[in-house]
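**Student:** Protein chains in written order, with this note's numbering: chain E, 1 to 194; chain L, 10001 to 11127.
Hints are computed from structural coordinates only; laboratory data are not their basis. Check each hint, because a few of them may be wrong.
Claimed, not checked - Only part of the chain L face toward chain E is listed, based on derived beta-carbon distances under 8 Å: (1) Lys11044; (2) Asp11096; (3) Phe11098; (4) Leu11099.
What the hints assert, rightly or not - Below, a list of computed lysine-lysine pairs in the DSS-like style, where the Cα atoms sit at most 27 Å apart: (5) Lys73/E with Lys11044/L; (6) Lys176/E with Lys73/E; (7) Lys11044/L with Lys130/E; (8) Lys128/E with Lys176/E; (9) Lys11044/L with Lys74/E; (10) Lys11044/L with Lys176/E; (11) Lys10115/L with Lys10169/L; (12) Lys130/E with Lys176/E; (13) Lys128/E with Lys74/E; (14) Lys128/E with Lys11044/L; (15) Lys74/E with Lys176/E; (16) Lys74/E with Lys130/E; (17) Lys73/E with Lys128/E; (18) Lys73/E with Lys130/E.
No residue lacks a Cβ here, since even glycine has one placed at the ideal position from N, Cα and C.
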Amino acid sequence: MKRFLIVPLILVLAGAAAAESRLFLSAGAGYLRPADGSYRLIYGNQAIYPELNASIRLVGGLCLTGSMGWFSKKGSTPGLGLETEGSQSFFAVGLSYILRVSPTLCVEAGAGLAGLSFREEALDLWVKGKQPGPKAELGLLLMPEDERVFMALRAGYMAATVPGAELAPVGDQDVKLGGLRVSISVGGQLLGGH
Amino acid sequence: MGDIFSKRRVFLSILALAGFAAFLTPGRTQDRHRPGGAEERGSAVLQAGPRSADPEIRRLGALLRRYRSIGDLESAARIFGQLFDVESAADPAAELKTAASGRSSRADGAIGNIKPVSPPEGSTPVFVSPEAEKNPTADVWTSRNGPWALVTAAEQWSGGGPRDVRIRKSSDRGETWTETLVLGDGRAWTRPSLRQVADGRMGLAFVKDWGGGDGDIHFALISADLAAEDEFPVALSRADQRNPSLASDFRAYSAPYVYVLYAENDGLSASVKFRVSPDLGASWSRAATIAAFAGPGADEVETALAFDPERGALHAAFTCPQGQTSGIAVAASMNFGATWSEPRFITPDDGSDSSPAIAASRGTVAVAYEHAGPGLAPDIGLARSTDSGRSWVLRGSLASSAAAETSPDIRAASGGLTPIFFASYVEERARVRLLSSEGAAPGSWTVAGTFPPRGGPAALGTAVVLPMPGPVGGGSAGVLWADTTADDDLYFSPSEGTLGQAEMTVDPANRDVPYTEGTTTFSVVKTGDETVEWTATVTTGASWLDIESGSPGSDSGTITAAYEENLSLLGRTGTIRVRATNDDTIPDINVTVTQAAAPSGTLSVTPDEGLVSTGPAGGPFAPPSQAYVLRNVGATAISWRAARVEAWTSLSPTTGNLAPGATRTVTVTINSGANSLPPGPYSDTVSFMNQTNGNGNTTRPVSLTITEAADSLTVSPSSGFASSGPAGGPFAPASQDYTLSNTGPNPIDWTATSAVTWAALSLTAGRLDAGETATVTVSIGAEAETLPIGDYDDIVMFTNMTNGGGDTSRAVSLTVTPPPGALTVTPSTGLSASGPLGGPFTPPSLTYTLENTGGSTLDWTATRTQDWTTLSDTGGALGPGETAAVTVSINAAADGLPAGDYGDLITFANASGGAGGTTRPVLLAVSPGPALIVVPTNRNVPFSGGTTSFEVSNTGGGTMPWTAEVIAGSAWLSIQSGASGTDGGTVVAAFAPNPTGSPRAGIIRVTAVGASGSPRNVTVTQAGSTFGLSLSGERLVERAWIIKREYGRLSVTVSNPGSIDVDVYVIYRRAGGQAEQIVQQITGSAVTASPWTANDAFLTPGTSYTYRVLAIAAGGAVLGSSNEITI
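Just chain E, same shape as in the assembly (with noise of 0.2 Å):
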């Protein structure tokens, strides 16, 4: 986990600094509707999770980004009321799009990769593994012109399918990993000029 975060982060900042470009970091939190029935019965409809962004501007509205995120939830079971806590995770890098609509309002569209992790601990047993998805979103970024600091809020879909085969024996259905994202962070640019 450790090499998921550290390297993309020298990367980062490598390419900020050979770009001598700007580098805005985000911290907020977000909204996830799993994709998956099954979760969404055992650990409720929606999770709300901490999140990081980072993006360095490449050229023009071009940036690299990357993302991260991690949420558990502890359920139980339906008949024997059992306690049981699921947890998943991500981490994302791509390419957004920053426009500027007005002195103080930018919008971002971007698209990338995300590997996604999911573990379970249920009926005296447990099981984990990881299964890499797409990711898209949309966001909107209140960031007045002569300031270093700005909020967005974004809007966005990730998801990825771990086979039921792969599962067994304790388990013996498909399982979806990630959903519908909603974020809200704040952040600000620590590199170059306005």
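Given chain E, put chain L in place with the hints provided.
**Tutor:** For chain L alone, kept in the frame of chain E given last:
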């Protein structure tokens, strides 16, 4: 006008001639000469007049005081005449003056209060007119137990000079002055002195000024309605009389005297004169000279006079020369002015003293006067005596500031134990100070008011003080003062509040009484308006002294004390305490009764009359005897002897001894020796002699008159007829026969009469020949049966109608007594008790009420015959209408009686012989003892809860109380009802469900003490309960998000109708060829419903599992086992 002047000249000429003639007439002086007195005029200062050195005058004075005290007016008038000479012959000049002066008495004159004024604060106008009003005087008019009013008088000036005397009256404590009387005759009437002189009547002394230095003293009597009743001259002469002062002793005596003190100057010297009137001014004594001295004119000699009603003392104060100036001298008289003490100065010889005012009460005399030292403003001096003027404390002061204090006046409030004095004076002519004091001691005066309180007129003149009855009692005071700012107007200012309270006196302080028994009285006098309730109690001497009447009382009253005979050689004194019960401020008053000692043994014989008897020759003589009571009324024992002279008298007894107070009766009888005496008068003397000391020796005459024997009627027996019986009869004896005989030689006619209807005579008339007899039966008639209780008397007269010889009578007396006591016993029923062998028996007792329904006290008894009964009372006395209770009880002896019936008889007897004796039966039934039976002896009951019962019965006799209790199985068995009872009953037992599968038994014990078969135990046997288990199950899959596993679900159905306690449920599982293992244990208390489920997680897919369930009791016993299932 010319005629008037002419008439005046003629009158003056006549007056001058008359005065000259009087001057030449010897013995015409108004001054009275008394033995021992010194009538000296003008030769020296304070030459005294009549003095009390003469014992005869003292005796007469004491007699006059006594007669006046006891109300013997006739004797008092006689003594007064011996003490005082009344002006017998009028002075010719006086007659002329009297003839020349017309009286004026008008209800309201032309000079009234017509001047509008604004009276200063706290004052009301009394005399206000455009002319001056001067020299005010005032007093309170009272009537016995009636309202009171203020009356004032003053000179009413006219034309710049004095003329009339105006009198005003206020009935509302001086708030308004509604009535006016003007006295005058056109001449100058001056110096009025107003005092109440009798109940409801005022007196006014004043000077009628004839001009030319000739003033006379006059007196006017004024009624309650402010009308002048009459006017009398007091002192008319050519001398100049001035400044009268008036006093009266009406508070001390019902027939009061009026006293006048005045100054006189005959041209050579001045003197202070005194006169007294015993008839409210109609006549006056000749003048007594209290003091005479050279010097001042009469107008300069001021006088003041006061009477102390409690001490009966007259006190005079007057100005007279003292050294080079004037001083104040006083004198006193204890005999209504007949003699006076030697005048003495009460002022120091260091200044000029004037304006004396004097007041006296209860022996305290106070004199206020104006004292002006050389070059100093005048002060108000005070001299005081507490022993009726015998000694004086001088140099006292009421006011001695640097300011000028003038016009003093002083008065004593009437009544009260402690004399209250009021004084007034004018300070700096700007205000009047009113002072009060108890006892008039110099340091005890307090300011009671200042008038006007906030200033007023700049020039005040004369002021006089006026004690008034207060709203409660005692008194307050007001001040009549003059405003001289324009002309002299007079205002009245009352003080606020009450300065005294109701008081009470008892008079006399001691009564001396003889040693014989009798009564004496004390007078209680209350002063003030408040009602005082009081009681009189004998505090010492109660063994011989008692309050006979008068106590308790209220206000004034008379206490009558009765005292017994004092047969002691020592006198004794008893004390009566009079205490006010509704006023703590009034102190107790103790008065004494001093009884003289008895003499040594003294014989007293009563009655005083002798025996006077008459009868025909041969007798009988009537009365035949006389009884005399001899009594020793002395303090020592005596022996006595009675003696006769004639043989036809007898004495019985003739000698004896008498202790102090003892009595003995001696009967003097005409004995049979008189029967042989011939007709004629006879006499004898019986002597009673005190042989010890002769005290009380006396005799009684005996007179016997024997008449000629004649045809005479004799009646025998000589005794009367006395009968008695209860109301309604019968009366015993019922009759009395009297035999009438003719002892003379000739026939006589006779009659027999009775004065009452309840006595009947068998014969009422007849004729008796010589020697013949007749019988008259006097009987108690039927009408006597209607007479009420009491004593009745009758006289049956036997009359010799022929010649009266032998007329006689017989007394008939009938005593109707109350009816005898009659005994009534209730209830009329007897006592019927029953019970088992050994008891108890019910009812155990019965109470009878005994009542005396008769009219006399009766004695009663109650008796029984058996030992097993008890009577609460066996006898006593009952007055008429009284009741008593007697309780008949079955006692413990009855407990030992064998079964059977028993009887007793209670007898209530009227031991006084009256009616009402009766009996009451007592029945006692002793039955065999009780026997206890309880059925059934056992009850089988199901395992479930419920009730069961047992029947208890007494198959024996008597009463059987019983109780029931659980003695075994009380944890689940209890008595629901019927835990106790008597004889028959039902015991209801409640049992709880049996929580076990085993039967159980409880025991109930029924106990009836004393009953056969007791106690009895009965059982309750309860069946055991059932238990069942049924098992079913299925195999299920449990899924999480990703993970899924299989498990077993087991359903257990429990059948436990007896609620058997399950300790634990154990679930066993067997898989394949493995041994059975416990997979789950569930405590019984956790299972609350059926069926219940249990899960077995998790199962291995593809493996079968077999289950069963056991129910285990607390002791490890298996209550039930389920079927096996395989899933």
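**Student:** Can you name, in rising order, the numbers of the hints this structure does not satisfy?
**Tutor:** Of the numbered hints given earlier, those the structure breaks are 2, 4, listed in rising order.
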